[in-house]
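**Q** This is what each chain is made of:
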Amino acid sequence: MSVVPAEVLPGSALAVDEQPVRQAAELAPRARLWPSMAAVYRAQLSRARVARIPLLFVATFQSVGILIMMRGVVEGGREAEAVVAGSAVLVVAFVALNLLAQYFGQLRASGGLDHYATLPVPPAAVVLGAAGAYASFTVPGTLVTAVFGSLLFGLPLTHLWVLALVIPLSGAALAGLGAAFGLLAPRPELATVLGQLGMSAALLLGVLPPDRMPEPVRFTRDLLPSTYGVEALARTFRPHPDWAFVLGDLAVCAVVGVVSLAVATWAYRRAAVR
Amino acid sequence: MCAVRGLTKTYPAVRGRRGAPAAPEVRATDDVRLEVRRGEIFGLLGPNGAGKTSVVRQVTGLMRPDTGTVEILGHDIVRHPERAARILAYLGQESTALDELTVSLAAETTGRLRGLPLREARRERDAVLDELGLTPIAGRPLRKLSGGQRRLACFATALVGERPLLVLDEPTTGMDPVARRAVWSAVDRRRAERGTTVLLVTHNVIEAETVLDRVAVLDRGRVIACDTPSGLKEQVADEVRVELVWRERAPLDVPEVAALRERAVESGRRWTLRLGPEEARTVVATVTGGAAFAALDDFTLATPSLEDVYLALGGAARQGLVRV
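So the sequences go chain by chain: A and B. With UniProt numbering applied, the first sequence corresponds to residues 1 to 274, in that order. With UniProt numbering applied, the second sequence corresponds to residues 1 to 324, in that order.
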C-alpha cells in the first residue's frame, strides 16, 4: 500500500546514509515541568468522570457511616473531635492512598507506564500530576464528612476553613505514600494490599480516640502521617485552638509529603526503565 | 538513521515457587544487528515470542540491553535512554494509560507531554483526528471503543507532536480495512512530506509484503534474514505453495496422497506443501482426478510469500505468522 519509494523522498540519500552520522541530530525540546504536570492533572481529573465517581461515593458513605455509628458510643468533647477529624481525613486516606496505590500498581503491571516513559516528560510531572488529581478527588467527600460530623456532634464550624490546608497537605503525604506503594510493589496485588492496609491503619488509628489506646498502638499511631492531619483538624474544634500545634502538625504532613513524593518520583523512574 | 549492533538481552532464569513453575533463562534478543535508513518503512517480522517487541523496547530506551549499541540520528540510546523520547514516537501494544480518557484528550495530553504548547497541541490534535477520521468519536473514552478504533486512537496519539522516527508495535491489530488504509496513508504522507522513518513490528505477512521497504525476519531472538520483501522472496523463487483442504480427512488409502503426508504441514483439514513447480503440477493433477478428488474440499496454488521465506530459512514456529 506504500506508494512512495524511499529513494525519492525529500532529503533522503540512502547511499550517503550508509556512513555513520557524524553530527548528532538536534533533539526535540523536553516537556517542561509545570505545563506537563497540568496536562497530567487535567487528564487524571477527567478520569474521575468515567471511573471514579462511584468510589468517591463509597469513600464518603463509609466515613458518614462511621460518624453515625460512633454517635452512639461517644458523647462529645475530645473524643467527638477525634472521631469527626478522623472520619474526614479517612476520605483522604481512602482515595489518595488506597486508590492511587492501586492505580499505579495496575499501570506498572500492565505496561501502561511505557506511554509516559517514551514521552519527554519529567518523572515528577507524572507523579505530582496524578497525586494532585487524587488529592483533589477527596475534596467533596472530606468537606461533606467534616460538616456532617460537626453538626452531628455539635462541634463549631468556625474553623473548618483549616481544611483548605489539611486536605492538600495530608493529601500530599498520603498520595505520595500511595504512589510509592504502587510503583515499588513488585506485583499489582501487593500494591492493592499495601493501599488497603494503609487505609485500614488510618481508619483504626485515626478515628478511635487515642486516650484509651495502649502504649504500643499509640506509638504506631504517631508513625502514621494521616494522624497529623487528624490532630490538626481536631485541635481547631476547640474554643481557643492552639495554632502553633496546628501548624506543627501540618508541617509534619508537608515534610512527609515532600519525602514520599520524592520517593515516588524515584520509584517511577526505576519502574519506567526495566 | 537508526543503527543497532550486537543487541543482546537475556532474561534470568526464574526459580520455581509454590504455584509458579520454574522458567529457564530466555535469550530475548541474540546479537541483533539492524540498519534502518532514513525515510524507509523497516519491518520486524516474526511469530509471537520471536523477540520483536524486545528489540523495539531496547531501541526506544525502555529496556536496557545486556550488551550492544543502539544509535539513532547520532545519539547513543543505551547510554542516554531518556533521549529516545525526544527523537521518536512509540506506539506500544498497551493502552492502559489512556483507556479512561476521551480520544480527544488522549491526543491532546500526549501532545503536551511531547513538549507542545497548549494551542499547538490542540491544533495538531484536531488535524490528526480529522486525518484519521476519528473526529466523530473524539468525545468518547477509549475504553468504550472497539479494539480497532481504540488502536487507531492510540496511533493518533503517536502522531501528535512530530518526530522523525515512528516506532509502531503492531499498529493495525484488530483494525478493519478502512482504518488500516487510514494508518498507512497517514504514514505515507509523513514520509513524503517530512522524510519520516518507520520501524514497524508485525506478524502479518500480507501487511509486511505490501507496506515495507525492507524487512528483518526474527526467529528466537535472532535476525535470520534482512532484505526487501521481493529480495527475500527470490530466495525461495523456485518453490510453489500448494494448499489442500480435505472434506473430512485425507484419503490416505490413495498411495500418492499417503506419500505426500510426510512433506505436508498439517493444520486440521488443511495441508500445506512447498514444492518445485513441476512437482506441484503433478500433485494438483493427482488430487484433482481419481479417488483423491472426492475427498478434496478446496485447493490453492500460490507463489511464495514471506511466510514461506520464514519457513525456508529454518524458522521454528510452524504457524506463527498471520495472513489476513
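Derived from the structure by calculation, the hints contain no laboratory data. Computed from a predicted model, the values in this text were never measured in an experiment. Warning: the hint list may mix true and false statements.
[To be verified] Here are a few chain A residues that face chain B, going by a calculated C-beta distance under 8 Å:
1) Leu119
2) Pro241
3) Ala244
[Unchecked claim] Ranges of calculated distance between the beta carbons of each label pair, as one might list FRET restraints:
4) A/Leu190 / B/Gly148: 58 to 66 Å
5) B/Val14 / A/Arg78: 21 to 29 Å
6) B/Thr10 / A/Ala24: 23 to 31 Å
7) B/Leu118 / A/Arg212: 53 to 61 Å
8) A/Leu247 / B/Arg189: 38 to 46 Å
9) B/Thr67 / A/Ala24: 17 to 25 Å
10) A/Leu223 / B/Val14: 46 to 54 Å
11) B/Thr69 / A/Leu190: 32 to 40 Å
12) A/Leu190 / B/Glu279: 41 to 49 Å
13) A/Leu45 / B/Glu234: 55 to 63 Å
[Stated by the list, open to error] Quick partial rundown of chain B residues pointing at chain A, CB under 8 Å, derived from the structure:
14) His75
15) Arg79
16) Pro81
17) Arg86
18) Ile87
19) Glu94
20) Ala97
21) Glu100
22) Leu101
23) Thr109
24) Arg114
25) Arg163
26) Leu275
27) Phe299
28) Leu301
A virtual CB, placed ideally from N, CA and C, is assigned to each residue, including glycine.
**Q** None of the hints should be skipped; say for each whether it holds.
**A** Cross-check of the supplied hints:
1. Leu119: holds (4 Å)
2. Pro241: With a minimum Cβ separation of about 41 Å from chain B (threshold 8 Å), the hint on A/Pro241 is violated.
3. Ala244: violated (42 Å)
4. A/Leu190 / B/Gly148: 58 to 66 Å: The hinted range 58 to 66 Å is violated for A/Leu190 and B/Gly148, with Cβ atoms some 34 Å apart.
5. B/Val14 / A/Arg78: 21 to 29 Å: For A/Arg78 against B/Val14, whose Cβ atoms are near 54 Å apart, the range 21 to 29 Å is violated.
6. B/Thr10 / A/Ala24: 23 to 31 Å: holds (30 Å)
7. B/Leu118 / A/Arg212: 53 to 61 Å: About 54 Å separates the Cβ atoms of B/Leu118 and A/Arg212, which means 53 to 61 Å holds.
8. A/Leu247 / B/Arg189: 38 to 46 Å: 60 Å Cβ-Cβ, so the 38 to 46 Å window is violated.
9. B/Thr67 / A/Ala24: 17 to 25 Å: holds (22 Å)
10. A/Leu223 / B/Val14: 46 to 54 Å: violated (35 Å)
11. B/Thr69 / A/Leu190: 32 to 40 Å: holds (36 Å)
12. A/Leu190 / B/Glu279: 41 to 49 Å: With Cβ atoms ~60 Å apart, the hint is violated.
13. A/Leu45 / B/Glu234: 55 to 63 Å: holds (57 Å)
14. His75: Nearest chain A Cβ about 5 Å off; hint holds.
15. Arg79: violated (12 Å)
16. Pro81: holds (6 Å)
17. Arg86: Because about 4 Å separates B/Arg86 from the closest Cβ in chain A, which is inside the 8 Å limit, the hint holds.
18. Ile87: Check passed: Cβ of B/Ile87 comes within 6 Å of chain A, closer than 8 Å.
19. Glu94: This hint holds: B/Glu94 lies near chain A, its Cβ roughly 4 Å from the closest one there, short of 8 Å.
20. Ala97: It holds, given that the least Cβ distance between B/Ala97 and chain A is near 4 Å, below 8 Å.
21. Glu100: holds (4 Å)
22. Leu101: This interface hint holds because 6 Å falls under the 8 Å limit.
23. Thr109: Holds, because the Cβ-Cβ distance from B/Thr109 to chain A comes to roughly 4 Å (cut-off 8 Å).
24. Arg114: OK, holds: B/Arg114 within 8 Å of chain A, min 6 Å.
25. Arg163: holds (7 Å)
26. Leu275: Interface hint status for B/Leu275: violated (30 Å vs cutoff 8 Å).
27. Phe299: B/Phe299 check fails; min Cβ-Cβ to chain A is 29 Å, beyond 8 Å.
28. Leu301: This interface hint is violated because 25 Å lies over the 8 Å limit.
Of the numbered hints listed earlier, those contradicted by the structure are 2, 3, 4, 5, 8, 10, 12, 15, 26, 27 and 28.
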